[in-house]
Every structure is written in C-alpha cells, then in structure tokens.
Amino acid sequence: MKNKISIVHQIFIVFILLTASLLAGSYFYFANNQKETFEFQFNQKNRSVLETVKVGLEIGLQNENFEAIQKVFSWVKQQPDFEWIGIKDSSGTFFAQYPEIDVKEKDLKKYTDINMPVVSYSEDFQAAAEKDTVYITFSTKNYKEKKNKLISDVLISFLFLFVVVALVSLLISFALSRPIVRLQDAMDNVAKGDLGFRAELTGTKEIVSLTNSFHFMMDEIQSERKRSENLLLNILPKVIAERLKKGESNISDAYSDVNILFADLVGFTELSSKLDAHKLVEVLNHIFTEFDNLCEKYNIEKIKTIGDSYMAASNLPTPDSNGAVNLVMMAKDMIVALAKIEEEYKYNLQVRIGINSGRAVAGVIGKSKFIYDLWGDSVNLASRLESHGIPGRIQVSEEMYQHVKDHFQFEERGMIKVKGKGELRTYLLIS
Amino acid sequence: MKILPILLFFLIQQNVYAHVIVLNKKNPVASLTAEQVKEIYLGEKLRWDDNVPIHIVDYNSSYPTRINFTNNILGLSIARVNKMWIKLSLAGSSIPPKILRSEAEVVENVSNDPSAIGYVESTSGLNLGTVKVIKLEN
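Sequence order for the protein chains is A and B.
Counting with the working numbering, you get residues 1 to 431 for the letters of the first sequence.
Counting with the working numbering, you get residues 1001 to 1138 for the letters of the second sequence.
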C-alpha cells in the first residue's frame, strides 16, 4: 500500500490545516491591527498631555506664576505613561529633571519612544534668545503590557477555538468517512470468509452506488462459489469436501467395517462392438444414472465407475447402522433396474454384483483430479466376488452374509479361490 | 558746599540700603540678616523657626524693586533666580514665590498671611502699619 493515511485522517488533516491557516491569518492580522491601534491611542493620548503641558506652562511663564508652573509639573508627573521630564538650558545641559537620570540630548531616544520639546522660554522671561526647553518622555510599558495581554488573550481564545474546530472536524471526518469505512469493514468480513456479509445502504449517492455494485459483485461470487461447491459435493462426500475446503490434504481414514459393492455389466463388451460410441455412452449413462439414483435412495456412497464397472460402499464416511442391508437392497434394485433398461433397449445386458464387508482405508490422495476412493483387502475381495460371480446374481462374502443373513435369504455357493487368501466361502442372494 | 558730597553719599547709601523686609505682624521673627533673606529667596530655607512653611512674595522679573533686590541682596541675576525656581517647581519640594505687581499688593498680602515674607524698596505712600518692618542686619 502506497498511501498509508486513512481517509478519516486525510479529511481530518485537511480540516485542521484549513482552520489553522485561517486562524493564524486572522491572528496575525488582528495582532498587527491591534498594535497599530494601541500605538495610535498611545500617541493621541500623550500628544494631548504634551499640548496641555505646553499651554499650562506658557500661561504660567507669561504671568511668572510659579505656583501654576509647579501645578503643571505635578500634573504631568501623575500621567499614567509619564516617564521623564527635563529642562535644557541654552548651554545644552539639563539643569532640572525628574526623575534624575544621566541624560544627554542625543541619548534621549534611548530612554523613550516619544519625546518632544514642549515649550521654550527665556529664564528672565524677556530675552528672545537663550531659551530653555522642556522635554517630556512617555513610557510605552503600559501600552505594551495592555497590548500583550490582549494579544495573549486572543491567542488563548484562538487556541481554544482551534481545539474546538479540531474536535468538530474529527467528528465530521468520521461522519464523512463512515460509509466508506463501513464498506471497507464489509470487504474485510468478506475477505475473512463471510461471503454473505452486506453493508448498510446509506451515505452519499456515490457510496450507495458503490455499495450496490459491491453487493452485486458479492452475489455473483456467492452463486459461483455455491456452484463450485455443488460440483465438489458431486465428486466427494460432503464431510470430505468440507475437510478439504478447510485445508486438509491427503485424507485417509481407516474404517473397521465398511460394505463394498462391485457391479459389472455382462455383455457390455459385446455390445460395444455393435453400437457406435455415442449410443454406447448414452446407454451406459442411462444405466449408471439409475444406479446413482439408487445410491441416493439407500444412502450409499458411490465411489467410482471404471469402464462398465460400478463401485459403491456404505457405512462411510458417516456411519450407517443399516449400511449393509441398504447395500444389498440397492444391489437387488440394480438388477431390477437393469432388467427394465434391457427391456427398453432390447439389448442383452445383465449385471454381476459382488459385495464384501470389512476393514478399509478411505480417503483422497494426490494433488489433482480428486476422487474419494477405498483401499484394502476387503476392496480386492469385493472385486473378486463380482468377477467370480454369476450374471444377474448377487454374490456376498461370509462377513457380509453374517451382517445381513437375518434380512435376506441366501444359498451357499461354495468356496472360491482368492489370491493371497486361499479359499473363501461365498453366498448367493435368493431373495 | 562741603555738605553736598556727604548728602549725595548719604542718598546713595539710602538708595542701596532702601530695601526693607516686611513680615506679618503675627510672625515671631524680630530680625533677619541679609544672609537669611538670601537663603529664603533662593529656596534654601523653606520653613520659619517654628516649622511653618515660608510663603515668599516677590515681583515680576521686570519690576525695578525686584531687579535691585535680586542684584544687591541676592547677588544673582534674575535669570539665575528664575532658573532656580523653575528647578524647584519641577522637583515639587518647595512652595514657589507668589508674584505680585506692586509694593502695595505685597504689603497687603503679607498683612493677610502670617507665614509670608516680602520686601519693599520705597516706603513712601505705603501703609506699613499693617506689617512688621524689618531692616536687614549686616
């Protein structure tokens, strides 16, 4: 994944950046504006102080009214921004000042932000030349403190506003991205295997349309999956298919008592030389379809067909206490079914059936073209019972006979030779 | 005719020492030296001996009595004295002099203010009975 930032974060970041830049812009504009306003106010106020002093001193000096002059001085000293007052004589020295500081005219700028000669006068109040000059300076401390306080207050309120906006934008980003996140959750669920999961159809037009497309796609995937599952179930027993789906491979289960049936179509080889392949397959399909129906009817597991042979088993993979009886019933029905088909096609066809029961291993091996199969001596014996059987009859082993003798009538056929086993007793079903 | 220069000298002497100090009648001070008067008028002595603030009464800078008094008694220029009073006004620690227009006004002011001190040059036409007149001691 190239882009690791979630959509929630992306929306959130955009909101935050937008707000931050707006607030920062307003703040700097405000701060600058306030600075100018304060400076203007400061200058206005103190200029008017200077004007008052000037007028007061002029009147006082004109009348040589020292009381008035002293009052003017004492008034100016009480002004909130007052910093310093000094009187410079014609020789250039400040002969009087309050408070006392070591000041030269050229240093005045260092002591103050504003300075202005207020009024000039001659000491004898007559001579035009050799005048003294009054200087007053004002401190910007107060206005700077006021300005800083206001600016810091505004900064705090802006920060508060920023936090509020951040929270709101977090909520908005969640709200905006919720449908997408919901869809993403739905996809995650699907990815985990829950193909039936569907997202809520809410949100904007685009999201609803996207959700609908997603649902349509999931429906398609689900039906495809169902089809392939059915195909798998057609090939393999359900329990085995489930195990394979869950990831098991090379399934081989040992069974102590399974019933195995082999059926072979007698006369089919001869028929195959008479009929063309298509017709032959059609007939074979007809026969095996009937057999398949019987498997379903008696809960028998069809194992496979090999040419014109049909192999089935019972009591596996799920146990069936009637498995043996059901298998014999099915064998009987197979003979009946074939007789009907023989009548329909007018071909000379018979089926030869052998049934055995015993231990076997069943499972799925290999890595392609899976087939559920059976292995073991019992399987071989069942096959021998069929191949040594009689057309139109059902031949069973001693083991099978013991299982079903109470349900059916048998006649003893005698002993047959089985490779590696010697001679074994067999029975033929009567009814 | 020998008497003429003596008379002139006397007149000049009279002229030089024409200033008399006037105080309120309630003021307990009986005599003042020229030095004491100088201290008062230069703002160096701010209170009477009984600790009452001294109220100085004076004339404006162009008034001849003031000019003579400043030059002869204080021994300074008007400008110098004014400069000093401006300085004291700025410091705010003293009571600045009250400037009046005539000797009659000075006498009247002093007669009404127990802590006042003033001076006059010519006593003619003045009602000095309302004030205490003190001749400067050398």
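Just so you know, the hints here were simulated from the structure itself, not pulled from any lab data.
Note that the structure is a prediction, hence the values are computed from the model and not measured.
We treat Cβ as the ideally placed atom computed from N, Cα and C, and that holds for glycine.
There may be inaccurate statements among the hints.
Ranges between beta-carbon positions, derived for each pair [stated by the list, open to error]:
hint	chain 1	residue 1	chain 2	residue 2	range
1	B	1128	A	75	33 to 41 Å
2	B	1093	A	150	54 to 62 Å
3	A	55	B	1026	33 to 41 Å
4	B	1026	A	150	34 to 42 Å
5	A	77	B	1047	20 to 28 Å
6	A	39	B	1114	47 to 55 Å
7	B	1044	A	55	27 to 35 Å
8	A	35	B	1093	33 to 41 Å
9	B	1044	A	77	20 to 28 Å
10	A	149	B	1047	41 to 49 Å
Tested hints:
About 39 Å separates the C-beta atoms of residue 1128 of chain B and residue 75 of chain A, a value consistent with the hinted range of 33 to 41 Å. Taking the beta carbon of each, residue 1093 of chain B and residue 150 of chain A are about 39 Å apart, not inside 54 to 62 Å as hinted. One distance hint, 33 to 41 Å for the beta-carbon pair residue 55 of chain A and residue 1026 of chain B, holds here, with the actual separation near 38 Å. Roughly 59 Å separates the CB atoms of residue 1026 of chain B and residue 150 of chain A, a value that falls outside the hinted 34 to 42 Å.
At about 23 Å, the CB distance of residue 77 of chain A to residue 1047 of chain B agrees with the hint of 20 to 28 Å. Judged by the Cβ atoms, the range 47 to 55 Å given for residue 39 of chain A and residue 1114 of chain B holds: they are separated by roughly 53 Å. As the Cβ distance of residue 1044 of chain B to residue 55 of chain A is approximately 32 Å, the hint placing it in 27 to 35 Å holds. Separated by about 40 Å at the C-beta atoms, residue 35 of chain A and residue 1093 of chain B satisfy the suggested range of 33 to 41 Å.
Checking the proposed 20 to 28 Å range against residue 1044 of chain B and residue 77 of chain A shows it holds: the Cβ atoms sit about 23 Å from each other. For residue 149 of chain A and residue 1047 of chain B, the hinted distance range of 41 to 49 Å is satisfied, since their beta carbons lie about 46 Å from each other.
Against the hints set out earlier in the document, violations occur for numbers 2 and 4.
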